[in-house]
Amino acid sequence: MLLDDEDIRRALTRIAHEIIERDKGAEGLVLVGIANRGDHLARRLAREIERIEGSRVPVGVLDITFYRDDIGLRAEAPEVHETRIDVDITGRTVVLVDDVLFTGRTIRAAMDALTDFGRPARISLAVLVDRGHRELPIRADFVGKNLPTRRDDDVRVQVRELDGADAVLVEEQALEPALELEPSLEQRSGSAHEGAAT
Amino acid sequence: MNRHVLSMHDLSADDVVRVLDTAESFREVGSRVIKKVPALRGRTVVNLFLEDSTRTRISFELAAKRLSADVINFSASGSSVAKGESLKDTALTLQAMGADAIVIRHSSSGSALQLTKWVDGHVLNAGDGTHEHPTQALLDLYTMREKLGRLEGLRVAIVGDVLHSRVARSLSFGLVKMGAEVTLIGPPTLIPPDAPSWGVQVSYDIDGVIPKLDVCYMLRVQRERQRLEYFPSVREYNRLFGLTAARAAVLPEGSLIMHPGPMNRGVEIDSDVTDLPGAVIEEQVTNGIAVRMSLLYLLLGGGSAASGTDESDEREVARA
Numbered sequence: 001m002l003l004d005d006e007d008i009r010r011a012l013t014r015i016a017h018e019i020i021e022r023d024k025g026a027e028g029l030v031l032v033g034i035a036n037r038g039d040h041l042a043r044r045l046a047r048e049i050e051r052i053e054g055s056r057v058p059v060g061v062l063d064i065t066f067y068r069d070d071i072g073l074r075a076e077a078p079e080v081h082e083t084r085i086d087v088d089i090t091g092r093t094v095v096l097v098d099d100v101l102f103t104g105r106t107i108r109a110a111m112d113a114l115t116d117f118g119r120p121a122r123i124s125l126a127v128l129v130d131r132g133h134r135e136l137p138i139r140a141d142f143v144g145k146n147l148p149t150r151r152d153d154d155v156r157v158q159v160r161e162l163d164g165a166d167a168v169l170v171e172e173q174a175l176e177p178a179l180e181l182e183p184s185l186e187q188r189s190g191s192a193h194e195g196a197a198t
Numbered sequence: 199m200n201r202h203v204l205s206m207h208d209l210s211a212d213d214v215v216r217v218l219d220t221a222e223s224f225r226e227v228g229s230r231v232i233k234k235v236p237a238l239r240g241r242t243v244v245n246l247f248l249e250d251s252t253r254t255r256i257s258f259e260l261a262a263k264r265l266s267a268d269v270i271n272f273s274a275s276g277s278s279v280a281k282g283e284s285l286k287d288t289a290l291t292l293q294a295m296g297a298d299a300i301v302i303r304h305s306s307s308g309s310a311l312q313l314t315k316w317v318d319g320h321v322l323n324a325g326d327g328t329h330e331h332p333t334q335a336l337l338d339l340y341t342m343r344e345k346l347g348r349l350e351g352l353r354v355a356i357v358g359d360v361l362h363s364r365v366a367r368s369l370s371f372g373l374v375k376m377g378a379e380v381t382l383i384g385p386p387t388l389i390p391p392d393a394p395s396w397g398v399q400v401s402y403d404i405d406g407v408i409p410k411l412d413v414c415y416m417l418r419v420q421r422e423r424q425r426l427e428y429f430p431s432v433r434e435y436n437r438l439f440g441l442t443a444a445r446a447a448v449l450p451e452g453s454l455i456m457h458p459g460p461m462n463r464g465v466e467i468d469s470d471v472t473d474l475p476g477a478v479i480e481e482q483v484t485n486g487i488a489v490r491m492s493l494l495y496l497l498l499g500g501g502s503a504a505s506g507t508d509e510s511d512e513r514e515v516a517r518a
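Top to bottom, those sequences are chains Y and S.
Each residue of the first sequence is one higher than the last, beginning at 1 in my numbering.
Each residue of the second sequence is one higher than the last, beginning at 199 in my numbering.
None of these hints come from the bench; they were simulated from the model.
Misleading hints may appear alongside valid ones.
So the derived label-pair ranges between C-beta atoms look like this [what the hints assert, rightly or not]:
1) Y:G54 to S:T484: 39 to 47 Å
2) S:L346 to Y:D4: 57 to 65 Å
3) Y:R160 to S:T291: 52 to 60 Å
4) S:A211 to Y:R151: 38 to 46 Å
5) Y:R160 to S:L290: 56 to 64 Å
6) S:L346 to Y:R56: 32 to 40 Å
7) Y:H133 to S:E222: 30 to 38 Å
8) Y:R10 to S:I232: 32 to 40 Å
9) Y:R56 to S:E480: 31 to 39 Å
10) S:K233 to Y:R14: 37 to 45 Å
11) S:G276 to Y:R151: 50 to 58 Å
12) S:G377 to Y:D86: 31 to 39 Å
13) Y:R150 to S:D318: 37 to 45 Å
14) Y:R10 to S:G452: 49 to 57 Å
Note that the Cβ used here is the ideal one computed from N, Cα and C, for glycine as well.
Based on the sequences and whatever the hints tell you, model everything.
Structure (structure tokens):
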């Protein structure tokens, strides 16, 4: 285990402070979490910000499935989660929230998706873990923890809302090599969708 | 999921739930300012409509366009079919042009199945003769689940010309699969003799059934498929089996009135009934786009065209 629930709580508290420090408050802010772990983190960040600033920050959830760049490369159509953004994001500062930043493809897809909802004044990115290995020119503005990993490591974020407890786990791939050839393995493991393609 | 969707029998109960759940997400897409997602960019969907249709063709066209697929509409008039080209030659032409999916509407039962023997792409049955119309059934199931919160245990009557209705067949199969209780109602001449084997009840008395319904589903009297002798007169049909205002008043509170369209007002359904709060006929149309997007996405969103993907994966794993 790399981060336990206390580490995660502290990291989110710090990120909440950093967000309102940079934006000088919470006005015009919208948090959009990427399904299906980022949205839980976004809700917690919003609660933190409300505790610190006393103002409510709208939270949306975004599923990026329809914007993936690997549709058709997979054997089965990827499972779709809920999207709900109830506020007009045009002119606002949107902070995208995700659990793991890896190749950057999820974030690329998320930015494409967001622009279908409106034209934010600015989009920034908050992640709990940045594990490196970018394939696109994308970086996070707010990072809970930088985590050097091997490309084939399996980084898994658990949130209590879905997994019963908060934790960041890394499994090094010392398993038999045959598993690497199975393309859907990473998906099935329920890890961050960052891995296989986005 | 099955490679083609020709019949409700091609979908398991789990598949149906998956299609309806995914359609939920597409409903959300339909509520955005920009109602289009890039999910099927680069895929080609051919609408092969060899029988007249408005809503199904437009619905499929809109569904494919909102998924960013390229859409080709092909109808009998104004095409090589009007010059006498056979279905097979038409199919081979579409195949040669690289259609990833063909949506077919045809007046002959079994034409969609026949098409699968000639083309590599996915085939979606948009109505074949008096056989099946699975996407209509799926959008009806979606609408019922959305409005009533469940499918299991729902009491549904399908009323009218069941004999000629591909909608009635697909919807019955779908409802029975999902655990609903279906009663077919109509004049004995318009109830198919094998109906009891579908797992449904049959009744000739609409007034006896109506007070216990969650959904009253009215079928169009298909005059184009009928000979005159199925019932004596339109007026008598309306009096015995039409959903009149008086009958609609007997429906339980909160129950739905549905119709696949196009309606024959004054025949199977009275005009003022369609304005009642329980009538969800326009919602059916709206939901049809989301359900067809869902189906196209689930069929075309995985694997590349032909059947290659799964097999080659297996081979790789086997080699390793």
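Quick rundown of the hints versus the structure:
{"no.": "1", "hint": "Y:G54 to S:T484: 39 to 47 Å", "result": "holds (41 Å)"}
{"no.": "2", "hint": "S:L346 to Y:D4: 57 to 65 Å", "result": "violated (45 Å)"}
{"no.": "3", "hint": "Y:R160 to S:T291: 52 to 60 Å", "result": "holds (57 Å)"}
{"no.": "4", "hint": "S:A211 to Y:R151: 38 to 46 Å", "result": "holds (40 Å)"}
{"no.": "5", "hint": "Y:R160 to S:L290: 56 to 64 Å", "result": "holds (57 Å)"}
{"no.": "6", "hint": "S:L346 to Y:R56: 32 to 40 Å", "result": "holds (34 Å)"}
{"no.": "7", "hint": "Y:H133 to S:E222: 30 to 38 Å", "result": "holds (34 Å)"}
{"no.": "8", "hint": "Y:R10 to S:I232: 32 to 40 Å", "result": "holds (39 Å)"}
{"no.": "9", "hint": "Y:R56 to S:E480: 31 to 39 Å", "result": "holds (36 Å)"}
{"no.": "10", "hint": "S:K233 to Y:R14: 37 to 45 Å", "result": "holds (39 Å)"}
{"no.": "11", "hint": "S:G276 to Y:R151: 50 to 58 Å", "result": "holds (55 Å)"}
{"no.": "12", "hint": "S:G377 to Y:D86: 31 to 39 Å", "result": "holds (34 Å)"}
{"no.": "13", "hint": "Y:R150 to S:D318: 37 to 45 Å", "result": "holds (40 Å)"}
{"no.": "14", "hint": "Y:R10 to S:G452: 49 to 57 Å", "result": "holds (50 Å)"}
Checked against the numbered hints listed earlier, the structure breaks hint 2 alone; every other hint is satisfied.
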